[in-house]
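Participant: Sequence:
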Amino acid sequence: EQLMELLNCRARRRFSRGLKRKPLALIKKLRKAKKEAPPMEKPEVVKTHLRDMIIVPEMVGSVVGVYNGKTFTQV
42 EQLMELLNCR ARRRFSRGLK RKPLALIKKL RKAKKEAPPM EKPEVVKTHL
92 RDMIIVPEMV GSVVGVYNGK TFTQV
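Counting with this note's numbering, you get residues 42 to 116 for the letters of the sequence shown.
Calculated directly from the structure, the hints in this document are not laboratory data.
All clues stand as given, with none of them false.
Label pairs and their in silico Cβ distance ranges:
1) Thr112 with Glu46: 29 to 37 angstroms
2) Glu77 with Tyr108: 19 to 27 angstroms
3) His90 with Leu48: 16 to 24 angstroms
4) Lys73 with Cys50: 26 to 34 angstroms
5) Arg54 with Glu82: 33 to 41 angstroms
6) Ala52 with Pro80: 27 to 35 angstroms
7) Lys111 with Gln43: 33 to 41 angstroms
8) Arg54 with Lys111: 25 to 33 angstroms
9) Glu42 with His90: 28 to 36 angstroms
10) Cys50 with Lys76: 27 to 35 angstroms
11) Tyr108 with Lys83: 14 to 22 angstroms
12) Glu42 with Tyr108: 30 to 38 angstroms
Restricting the straight-line Cα-Cα distance to at most 16 angstroms, the calculated cross-link-like pairs of lysine to aspartate or glutamate (EDC-like) are:
13) Lys73 with Glu99
14) Lys69 with Glu85
15) Lys83 with Glu99
16) Lys70 with Glu85
17) Lys63 with Asp93
18) Lys75 with Glu85
19) Lys70 with Glu99
20) Lys61 with Asp93
21) Lys73 with Glu85
22) Lys69 with Glu99
23) Lys76 with Glu99
24) Lys75 with Glu99
Every residue, glycine too, gets a C-beta built ideally from N, C-alpha and C.
Generate coordinates for the entire structure from the input sequences, incorporating the hints supplied.
Facilitator: Below, the structure written as C-alpha cells:
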C-alpha cells in the first residue's frame, strides 16, 4: 500500500492487474541469488531481457544484468 502511493498511474495499474510469469520468475531468481550469496558480498548477476520491469523494494541489493540488444548492462 505504501509503495502504491509512490508509483505513478501506469505502474499502479500494472501492479493492480497482477504480475505475469516472467517478472515473477525474475524476482524468484533474485531471491535465490541473494540467499546463496555469502554474507557481506554482492550476489551473483541475474541476467534478464525484461527492460520494462518496475523495481520493487525486494530487488534492492541485487545485481541485475539487463540486455540492451547487444550486451548485458549491470544495474
